[in-house]
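A.B. asks: For chain A, the structure is supplied; the task is to place chain B on it using the hints.
Protein chains in written order, with my numbering: chain A, 12 to 466; chain B, 27 to 138.
Since the hints were derived computationally from the structure, they do not count as laboratory data.
Possibly wrong hints are sitting among the right ones.
Unchecked claim - To be clear about the criterion: a stretch of chain A counts as covered by chain B if any three or more of its residues have a C-beta under 8 Å from a C-beta of chain B, and this derived list gives those stretches:
hint : stretch
1    : 23-29
2    : 383-392
As the list claims (entries may be wrong) - To give an idea of the interface, some chain B residues facing chain A are shown, with a C-beta separation under 8 Å as derived from the structure:
hint : residue
3    : Asp40
4    : Val46
5    : Pro48
6    : Asp68
7    : Val87
Virtual Cβ for every residue (Gly too), placed ideally from N, Cα, C.
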Amino acid sequence: MTEVPSETLRVAIVGSGPAGLFAAEALAERAEPPIEIEIIESSLTPFGLVRHGVAPDHPAIRSVRRRLEKILERPNVTLLAGVEVGRHVTVEELRARSHAVLYAHGASVDRGLGIPGENLAGVFGATRLVNWYCGKPAAEQSGIEDVLRRATSAVVVGAGNVALDAVRFLAKGRADLEHTDVPQHVLEERGKSKLREVHLVSRRGAAHTRFSTKELRELGELPGVAVVVSSESLESDQTVASEVSATAKRNVELLRSWAKAPVSDTTERRVVLHFHESPTRVVGEHVATGLEVRSSTVALDGRVIPDGRVRLIPADLIVTCVGFTGTPLPGVPFDAEHGITPNVEGRVLRDGRPSVGEYTAGWIKRGPSGVIGANKLDARETVEALLADTPELLAAPLRSGGGISDLIGRRGLNSVDLAGWTRIDAAEIALGSSRGRDRTVIHEYSTLRAVAAGD
Amino acid sequence: MGFVITEACIDELDGSCVEVCPVDCIYEGARARYINPSECIDCGACEPVCPVNAIFQDADVPAPQAAHIADNAQFFIAILQGRTMPIGNPGGAANVGPLGADTPRVAGFAGR
Numbered sequence: 012m013t014e015v016p017s018e019t020l021r022v023a024i025v026g027s028g029p030a031g032l033f034a035a036e037a038l039a040e041r042a043e044p045p046i047e048i049e050i051i052e053s054s055l056t057p058f059g060l061v062r063h064g065v066a067p068d069h070p071a072i073r074s075v076r077r078r079l080e081k082i083l084e085r086p087n088v089t090l091l092a093g094v095e096v097g098r099h100v101t102v103e104e105l106r107a108r109s110h111a112v113l114y115a116h117g118a119s120v121d122r123g124l125g126i127p128g129e130n131l132a133g134v135f136g137a138t139r140l141v142n143w144y145c146g147k148p149a150a151e152q153s154g155i156e157d158v159l160r161r162a163t164s165a166v167v168v169g170a171g172n173v174a175l176d177a178v179r180f181l182a183k184g185r186a187d188l189e190h191t192d193v194p195q196h197v198l199e200e201r202g203k204s205k206l207r208e209v210h211l212v213s214r215r216g217a218a219h220t221r222f223s224t225k226e227l228r229e230l231g232e233l234p235g236v237a238v239v240v241s242s243e244s245l246e247s248d249q250t251v252a253s254e255v256s257a258t259a260k261r262n263v264e265l266l267r268s269w270a271k272a273p274v275s276d277t278t279e280r281r282v283v284l285h286f287h288e289s290p291t292r293v294v295g296e297h298v299a300t301g302l303e304v305r306s307s308t309v310a311l312d313g314r315v316i317p318d319g320r321v322r323l324i325p326a327d328l329i330v331t332c333v334g335f336t337g338t339p340l341p342g343v344p345f346d347a348e349h350g351i352t353p354n355v356e357g358r359v360l361r362d363g364r365p366s367v368g369e370y371t372a373g374w375i376k377r378g379p380s381g382v383i384g385a386n387k388l389d390a391r392e393t394v395e396a397l398l399a400d401t402p403e404l405l406a407a408p409l410r411s412g413g414g415i416s417d418l419i420g421r422r423g424l425n426s427v428d429l430a431g432w433t434r435i436d437a438a439e440i441a442l443g444s445s446r447g448r449d450r451t452v453i454h455e456y457s458t459l460r461a462v463a464a465g466d
Numbered sequence: 027m028g029f030v031i032t033e034a035c036i037d038e039l040d041g042s043c044v045e046v047c048p049v050d051c052i053y054e055g056a057r058a059r060y061i062n063p064s065e066c067i068d069c070g071a072c073e074p075v076c077p078v079n080a081i082f083q084d085a086d087v088p089a090p091q092a093a094h095i096a097d098n099a100q101f102f103i104a105i106l107q108g109r110t111m112p113i114g115n116p117g118g119a120a121n122v123g124p125l126g127a128d129t130p131r132v133a134g135f136a137g138r
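Excised from the complex, chain A in its bound form:
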């Protein structure tokens, strides 16, 4: 194999979500040194959680896709979607063909509750539900459609915006989702739903949840849905909320206004909010039939202590939204305790020392928190570190000058490039307009492949 000296800095980025793309932008806009960026994406479509995570009924936030597309349009950025690291290419191969590899593959594996019964049928991590309604290929294989069809009562466990997304989706009917871009089968399935009650169970009190006021408020605006919350469950939070944060104060005030409002009996569905309730056990034989919860208090140091009465919330669908963790990429160091790639300011650590030519950004760098925009700043920090290392990076000759694209091509793999994505984009808009919708996400793997290839 010939070693290739280079003036052009070759960077491979793993993951085309906001973190990977903002890193690509921060690199691509530099005048010096000349840079070539290849973005390796395991899905057939780019944009990570912007496509497979952001709620379909938040179209404004999903529209950030347009901004991210501009990054892919840059002449020195190449998209290689449908290529999985560890399956189609190895990390060693990426490193041999790039001066720097930047891991930005995210952290969206569900954390569990750690309680008995959570492996029963009918219990799903948030990702299972979210990937399904966002149209991630093969997401229906989790069996969620059958459960959604027969469920009359659902429990969502969590105290953050992902839990609110799940509650909102479950409480909405077909008509409420018609104007979104959800795949057609998701829309049809919602039409078959018999769900009448959606419970939200939070271990924390209302003042210590991580809801943004904007998203909490949306629960109160759902057509045909009554929001039920008891004044007693908010009492202790009322006094502490203003000390916690301005958001906590607003949230508790909003919840109190719902607690005071008379609940109509005529609504189609009810959303019931439970605070200070810790899940202790999923009840059921083979199939979940309910969630046992124990009421809890919050200690001065913020710890949740289950100490009160136990009761059962009947439910045939349980969705856990209690956080995410990262997964290791074969050949890349992993900090299992924190679910991240060990790093200092974006430089990946191997055996406790910065590894030359390896960087990380986004949720896999800092853990799964922060909204889309937070990744812009995070990616910039990483790119500053990478660029500061440029002389050292360029001094190491590459084993092949053709980059990852060349390797993919020689292996006979068909990756999806920007042109392929543009064809998928156009096909989704056309599919939507054929049914009077702005866009309908295509979720079949084979269709996405064929459309991207121009077949």
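C.D. replies: Showing chain B alone in chain A's frame:
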């Protein structure tokens, strides 16, 4: 609509919000920054990073600051002093840089 920058930003111009805005819709005037309501995608990244708590979602703007909701919009719709055309929707603050002008409300702000 979306998020709004209020009075606390005047003469502060910290700019942490600009660093995290994924669509670059926060524009720099002479004395304050302004969020373009047509370009804001309502993601909320800016609100927690503001060191002077100047940013609110439109529905949460405190009553004494309510005029800033319309004022943010005015920055883009009105013809500001020294300019011949409204700023409009440039599609990113980096495309236009600091604009060197303010709405009359911000320009005339006397101090706290």
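A.B. asks: Now tell me if each hint is right for this structure.
C.D. replies: Each hint tested on the structure:
With 1 residues bearing a CB less than 8 Å from a CB of chain B, the stretch 23-29 of chain A misses the requirement of three and the coverage assertion fails. Chain B is given as covering the stretch 383-392 of chain A, and this holds because 7 residues of the stretch bring a CB closer than 8 Å to a CB of that chain, at least three being needed. Checking Asp40 (chain B) against chain A by beta carbon gives a least distance of about 14 Å; that is not within 8 Å, so the hint is violated. The closest approach between the C-beta of Val46 (chain B) and any C-beta of chain A is roughly 4 Å, which is under the 8 Å cut-off, so the hint is satisfied.
Taken as an interface hint, Pro48 (chain B) checks out: its beta carbon lies about 4 Å from the nearest beta carbon of chain A, inside 8 Å. Interface restraint check for Asp68 (chain B): the shortest CB-CB distance to chain A comes to about 5 Å, inside 8 Å, so the restraint holds. Interface hint at Val87 (chain B): violated, since its Cβ lies 11 Å from the closest Cβ of chain A, which is beyond the 8 Å cut-off.
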